[in-house]
Each structure stands twice: as structure tokens, then as C-alpha cells.
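Next come the chains, spelled out residue by residue.
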Amino acid sequence: MLDLLAGFVGELRAAGLPVSLTENIDAMDAVRFVPLDDRTVFRAAMAATLVKRPEHRPAFDAVFDAYFAVAPFAGGDELDVDLGALLDDALRSGDAEAISRVARLAVARLAGMEEGRGVRGSAYVFKTMRMLDVDGALARLLAGAEWLERDDLTGAGLRLRAEIEAEVRRRLVAERGPQAVARSVRRPLPEDVDFLHASREDLTALQRSLRPLARRMASRLARRRRVGRQGRLDFRRTLRRSLSTGGVPADPRFRRPHPHKPEIVVLADVSGSVATFARFTLQLVHALAGEFSAVRTFVFIDGIDEVTRLFAGTDDLAAALTRVHEEADVVAADGHSDYGRALGTFWARWGREITPRTSVIVLGDARNNYHAAHADVLADLRRRCRRLWWLNPEPRSYWDTGDSIVSEYAVHCDGVFECRNLRQLEAFVSQIG
Amino acid sequence: MADRFESIGSVRDGLAGVDYLADEAIAGVVFLADRLDKPVLVEGPAGTGKTELAKAVARWSGSRLIRLQCYEGLDESKALYEWNYRKQLLRIQAGEGAGTSWSDLEDDIFTEEFLLSRPLLEAIRADEPVVLLIDEVDRVEVETEALLLEVLSDWQVSVPEMGTVSARRVPLVFLTSNGTRDLSEALKRRCLYLYLDYPSVEREREIILARVPELPGHLAAEVARIVRSLRLLDLRKAPSVSETLDWARTLVVLGVETLDASVTESTLHVLLKHRADIAAAARTLRTAG
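Protein chains in written order, with our numbering: chain A, 1 to 433; chain B, 1 to 289.
Errors might be hidden in some of the hints.
Pairs of lysine-lysine, BS3-like flavour, derived with a Cα cap of 30 Å [what the hints assert, rightly or not]:
1) Lys261/A / Lys273/B
2) Lys188/B / Lys78/B
3) Lys273/B / Lys55/B
4) Lys237/B / Lys55/B
5) Lys237/B / Lys261/A
6) Lys78/B / Lys55/B
If you want the footprint, here are the derived chain B segments under chain A, 3+ residues with CB under 8 Å [unchecked claim]:
7) 27 to 41
8) 176 to 188
9) 192 to 200
10) 223 to 233
Now the in silico label distances, taken between C-beta atoms and shown as ranges [as the list claims (entries may be wrong)]:
11) Ala312/A / Thr284/B: 15 to 25 Å
12) Ser103/B / Pro212/A: 53 to 63 Å
13) Val263/B / Ala162/A: 32 to 42 Å
14) Ser407/A / Ile278/B: 46 to 56 Å
15) Arg161/A / Val142/B: 36 to 46 Å
16) Glu145/B / Thr204/A: 30 to 40 Å
17) His336/A / Glu145/B: 27 to 37 Å
18) Val142/B / Arg208/A: 43 to 53 Å
Keep in mind that the hints were calculated from the coordinates and are not lab data. Backbone N, C-alpha and C define an ideal beta-carbon position, used for all residues, glycine too.
Based on the sequences and whatever the hints tell you, model everything.
Rendered as C-alpha cells:
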């Protein structure tokens with residue numbers, strides 16, 4: 001058991017979870033007190049001792065399921081059952097028993113799993129889902145459903161998928177052993193998901209972690225402003241106070257500091273390659289709008305347009321972003337990124353509104369499709385604004401390869417940051433606040 | 001030390017007896033906290049029963065509940081202990097008349113008699129079983145968090161003038177946090193971690209039935225489903241369990257028999273506290289028919 005636990009903790013660490021020695025010992029301690037045959041309790045005990053962040057829970061669950069798998073469904077296929085009818089019933093009732101029965105039968109009959117084939121588990125899941133036609137069945141049921149039923153059905157669909165994944169995993173574990181399976185299901189933690197290569201599921205996870213992140217950051221920025229350094233000595237009030245101590249200035253008074261709130265202008269490349277990155281950064285900046293005195297947003301591909309008004313007066317950032325894509329006039333020529341042209345247009349139309357209080361953030365990979373760079377525009381911009389930052393979602397090793405011209409722009413910036421995931425984005429934003 | 005709880009099952013049943021429906025995971029963690037002598041850090045969205053869990057455990061096990069409400073600016077003298085300097089002053093003045101020597105006096109005024117214990121010290125010194133609730137620990141500054149570390153890992157409080165006060169019996173500690181900031185790793189390492197999310201439809205229905213027994217069963221199920229679907233909308237503040245219970249009570253008071261769109265819409269303000277949220281929910285209700 002201890003060996004198994006050690007392997008389990010090792011795999012958790014390999015997946016990126018910070019498990020300390022104390023926590024490891026706690027987990028081993030906990031094993032003495034919980035019944036090992038009750039998986040729910042055992043899982044809860046392991047999670048309580050080893051995982052201290054809700055965002056890390058999915059990664060933990062994946063490893064747990066591989067290491068402490070129950071034996072796969074032993075009985076073979078029951079040939080006489082009509083899976084389609086069973087599926088409809090299970091989805092409609094949302095009954096846990098029925099759903100897991102469908103999942104077991106479907107994997108046995110449809111996944112076509114054979115020993116010794118080096119197929120990834122996700123391929124089996126995909127195949128089962130398609131052969132069973134879960135999406136089709138859901139669509140059919142959803143058509144006549146009203147609001148609450150729709151959510152019931154979607155929930156049942158998600159549970160069914162989870163059950164199928166679990167069953168496939170159980171079979172794989174039985175065949176290949178926990179370590180190999182755990183490695184193959186390893187997924188990056190939400191804060192480490194690369195913006196440029198995120199799958200649809202990763203994006204939903206990112207989206208979910210964005211709001212709490214924004215809340216945490218807002219309170220951190222506000223707190224820092226409040227408890228920051230004291231202001232300069234207030235001579236008049238100190239003197240006034242000293243009257244009560246016979247003219248000795250025993251109780252110095254200070255001016256309240258007036259920390260400035262920066263004014264932010266964001267220029268975001270929204271062309272296909274970096275759109276996801278721009279989306280998350282814009283959402284984060286606007287969620288933090290209260291911490292800045294003003295936020296203005298411009299989006300560009302080869303033309304540039306201001307979209308601040310789309311964000312104004314709405315709480316629904318996602319809808320605002322969709323409108324950005326529909327309404328903003330960002331294509332001037334051929335619809336391929338042209339940083340030189342976009343920056344030039346920005347400077348000509350809005351350059352006068354940049355003041356020494358403005359901090360400018362440019363979002364993009366600086367892949368200019370071999371157009372002219374016009375880096376001198378950035379130099380002019382830098383002279384007029386307070387700070388100029390560039391965030392690049394590409395890994396540093398790709399910079400200046402192919403048509404990327406980051407370093408031509410970088411010389412005019414106060415800083416160019418690699419911003420591939422939420423962790424790096426968070427680090428950047430907390431620094432500018 | 002004596003184990004308080006017999007088994008995980010007994011924890012769950014006991015909590016159910018005081019109207020707190022714990023699932024296996026919650027009961028398991030509470031049980032472990034007792035066996036491992038570790039504090040429990042409970043995190044989760046507002047209104048999912050974090051504070052209530054500590055209260056329920058205290059109620060059920062018949063322990064005294066000592067509560068430390070955290071806020072920005074909380075310091076040692078509010079959390080740990082403070083010298084009762086007025087009383088010390090009186091003692092000194094009384095001593096002057098009697099001609100006590102200074103060294104005697106000094107020994108005398110730094111004794112337990114002159115110590116005002118605040119919640120943490122109180123919990124450590126208590127003779128009877130105690131549940132210590134440190135509420136909204138994410139509100140204190142990172143520096144203040146360090147105050148808790150000695151108490152939570154060694155179960156002792158150091159008073160420089162007196163020495164160390166060790167716990168007579170280890171209290172059961174619950175820390176709650178809404179996650180407005182990340183707690184320090186040092187604190188997290190010392191705790192068992194429990195994340196309380198919104199309950200599933202079935203569990204929420206049971207919670208409603210346990211806390212608002214006047215509500216008919218079919219309505220409770222409907223309430224749970226509507227609340228679940230509201231939480232799926234992209235709202236500023238999703239309805240919490242306590243707001244669900246408020247809504248259930250509202251429906252009882254109004255004597256609602258069937259829950260249709262118009263009734264729901266007119267009582268939405270019990271569930272949702274932002275104007276934009278209410279508008280969004282009302283829109284969804286109307287399109288749903």
C-alpha cells in the first residue's frame with residue numbers, strides 16, 4: 001500500500017501538483033483511519049491531505065482514477081439489449097445506475113478494445129461516443145425540451161461521457177498498469193494551459209478559473225494601494241499637533257498617499273492565430289477595470305478599431321467579445337496581420353489622446369506577414385506614454401523566427417513578456433497594478 | 001487524546017441529526033480532522049455552508065463554539081491575548097501602599113490573573129471540548145496569518161512574559177475562506193483541505209426538505225432544479241444554498257402550490273442580488289415559457 005501511495009504521489013508531482021513532504025506524510029497517516037474499500041471516502045481523504053487548490057482537483061481525480069481503479073465490468077455484452085433505447089431512457093431519467101450501465105455496455109460492445117494495441121484512451125472514448133451516437137440522441141431529446149429539462153439532459157450527457165471515460169480507463173489500467181495510464185491521461189493544470197494550443201475543454205476550464213482569478217487580483221491590487229507606503233510629512237498638521245506637547249513634534253503626521261490608478265490602453269491583435277490569447281487578456285483587463293482609472297481597447301488585424309464602447313455598461317464580457325468580432329472594423333486590406341499598418345493608423349487617429357498617464361499594452365505575436373514594421377511609430381508612442389508593454393503569447397524560443405519581428409518592436413518597449421498561460425498573465429497584471 | 005468520533009458513518013448521522021446534510025466526503029474529512037488532530041480549511045463559494053459546518057459539528061458534539069471573525073487589521077491583541085493593563089495599574093497602586101518590592105510586583109502582574117484571553121488562547125486553554133471557528137481567514141493580511149501558525153501546528157501560544165501555554169485538549173478547528181486571495185502555503189500545508197461546492201440537484205433537494213420541511217416534496221425538487229439551472233447561467237453571483245433556503249421559505253409563506261414562470265420571476269430577488277443578474281434570469285425564464 002505504501003509503495004502504491006508513493007507512486008501515486010510521485011505521479012501527482014509529475015502532473016505539476018505541489019505536494020510537500022508534510023502533506024505526503026499526512027496522506028499516509030490518513031490511510032490508517034479511512035476504510036480503503038469506500039472509494040468516495042478514500043478519495044476525499046487523499047484530496048483533503050494532498051490537494052489544496054480547487055483548480056487542481058481535476059488533475060488529481062485523473063491520477064486517482066488510474067491508481068485506485070476498481071476492476072472493470074466483468075460481465076461481457078448483453079446482446080439482447082437495445083442500447084439505443086437504453087441510452088434514451090438513461091438520459092431522460094438522469095439516473096446514475098442507468099447511465100453507468102449504458103456506459104459499461106457501450107464500451108464492451110462498441111469501443112473495440114483489444115489487448116496489446118497502443119491506442120490512446122481518448123480514441124476509444126471518442127469511438128464509443130460516436131458509435132453510440134450520444135450527440136445525436138441528445139440533440140433529438142433536446143429539440144422538444146424546455147429550459148430545465150435541457151439542463152437536466154446536458155448534465156446527464158456529461159455524466160455519461162465521464163462514465164464512458166472511466167470505464168475505458170478501468171480497462172486500460174487492467175491491461176497496462178496504473179503508471180502508463182496515469183501518464184497518458186496527464187493534463188496540464190488550468191494555469192499552465194498554453195493559450196495557443198488549448199483544446200475546447202481546456203478553454204472551458206480556463207474560462208471558469210478566470211473569474212475567481214480576476215476577483216483575487218482585484219482585491220490584491222486594491223489592498224496594495226491601501227496599505228502601501230506612507231505619504232510625505234505633513235508639516236502643517238505636525239506643527240499643529242506639536243502644540244499639545246509643548247512645541248516638540250512628537251507625533252509626526254503624514255499626507256495620505258495619492259496612489260495613481262494607471263490609465264490603460266490595450267491594442268490587441270485579434271487575427272486567428274492569437275485570438276484566444278487576446279480574448280483572455282481582454283477579459284482579465286476589463287474584469288479589473290475598477291482598478292484602473294480608465295481602460296480603452298483597440299483591436300486590429302491590418303486595420304484598427306476602438307471597441308471600448310462594446311465593453312461599456314455590460315457585465316457580460318463574453319458577449320461583448322463576440323460583438324467585437326462581429327462589429328469591429330479590423331480588416332483594411334487582405335485580412336492578414338499587419339502590425340506596421342495598424343500601429344500607423346492608430347498613431348494617426350488616436351495618437352493625440354495618449355498622455356503621460358497612459359500605459360499602453362500591445363497584445364500579439366508580432367508575426368507581420370513580411371510587411372513593413374514601422375517600428376518608428378512605436379518609438380513615437382513610447383515618448384508620449386508612461387509605459388509601453390508588449391505581451392507575446394508565443395514561447396520565447398519562437399521569437400524572431402519566420403515572420404516574427406518582436407525584437408524590432410522590443411527595443412522601443414519598456415518590457416516584452418512571454419505570456420503563454422494564465423500564470424504568466426497573472427504575474428504580468430499584478431506587476432502593473 | 002480521546003477520539004471524539006467513532007466512525008465516518010456516525011459523523012454523517014450525527015450531523016444529519018442537527019439538520020446538516022453532510023455527504024461522505026465532508027463526513028470523512030471531519031472524521032480525519034479529529035483522528036489526525038489537524039485543522040480543516042474549508043473553501044468554496046459564499047453561502048455553501050462553510051460556517052454552518054463548524055456550527056453543526058459543535059452543536060452535535062456538544063462542544064463550545066469559539067469564533068474568531070477575521071477582518072483586515074486583525075492583530076495579536078484581538079486574536080491571541082492582551083494584558084489587562086488597567087488591572088495591572090491598580091495592582092501596582094495597591095502595592096505601593098503596602099510596600100511590596102518591585103520584583104515581587106513584576107512577577108505578580110504578569111500572571112494569568114491579568115491576562116485577557118482572546119479567541120485563540122481561549123480555545124487553547126479551555127478544559128471542555130471546543131470547536132474553534134476561524135471565519136473568513138482570507139480577509140486578514142498575509143503577515144497576520146503567521147499568528148495562526150503556532151496555534152494550528154503545535155497547539156500552543158507563547159506569551160513572552162509568562163512562557164508557553166499548551167493546549168489541554170486539542171480543539172477541533174475549522175478555517176473558512178471565500179478565496180478572495182490565496183492563502184499562504186505554510187497555512188495550507190498545516191490544514192486538511194475541504195472544498196465545498198454547490199450541491200447536486202438531489203442533495204440540494206434533501207437539504208431543502210431538511211431545513212424547510214413545510215415545503216411540499218414536489219416543489220422542493222422543482223426549486224432545486226431551477227436553482228441548478230440559474231447557476232449554469234453566466235451570473236455575477238450565483239444563488240447560494242442559503243438563498244435557495246430563503247426562496248423555499250418565501251414560497252411557503254406565499255402559499256405557492258405550483259411553481260410557474262410568473263411566480264419564479266416575481267420572487268427572483270430572493271435568489272439574486274444584482275439587477276443585471278435578475279434581468280438575465282427573467283429573460284431566460286420568459287423565453288423558456
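How about the segment 223 to 233 of chain B: do at least three of its residues have a C-beta closer than 8 Å to a C-beta of chain A?
holds (count 5)
Assess, step by step, whether the Cα of Lys188/B is no farther than 30 Å from the Cα of Lys78/B, and give holds or violated.
Holds. Lys188/B to Lys78/B sits at ~22 Å (cutoff 30 Å).
Establish whether the coverage given for the segment 176 to 188 of chain B by chain A is satisfied; the threshold is a Cβ-Cβ distance below 8 Å, and no fewer than three residues must meet it.
It holds: at least three residues are needed, and the segment 176 to 188 of chain B offers 6 whose Cβ sits within less than 8 Å of chain A.
27 to 37 Å as the expected CB spacing between Glu145/B and His336/A, which holds or is violated
violated (51 Å)
Okay, Val142/B versus Arg208/A on CB: inside 43 to 53 Å?
For Val142/B and Arg208/A the Cβ distance comes to about 26 Å; the hint is violated.
Taking 15 to 25 Å as the hint, is the beta-carbon distance of Ala312/A and Thr284/B inside that range?
Holds: the Cβ-Cβ distance is about 24 Å, inside 15 to 25 Å.
Quick check: do three or more residues in the segment 192 to 200 of chain B have a beta carbon closer than 8 Å to a beta carbon of chain A?
Holds, because 5 residues of the segment 192 to 200 of chain B bring their Cβ atoms closer than 8 Å to Cβ atoms of chain A.
Are the Cα positions of Lys261/A and Lys273/B separated by 30 Å at most?
holds (29 Å)
Assuming the hint says 46 to 56 Å, is it satisfied by the Cβ distance from Ser407/A to Ile278/B or not?
Holds, at about 51 Å.
Quick check: does the Cβ-Cβ distance between Glu145/B and Thr204/A fall within 30 to 40 Å?
Between Glu145/B and Thr204/A, where Cβ atoms are some 33 Å apart, the hint holds.
Quick one: are Arg161/A and Val142/B within 36 to 46 Å, going by C-beta?
holds (41 Å)
Val263/B and Ala162/A, beta-carbon distance inside 32 to 42 Å?
holds (34 Å)
Checked against the numbered hints listed earlier, the structure breaks hints 17 and 18; every other hint is satisfied.
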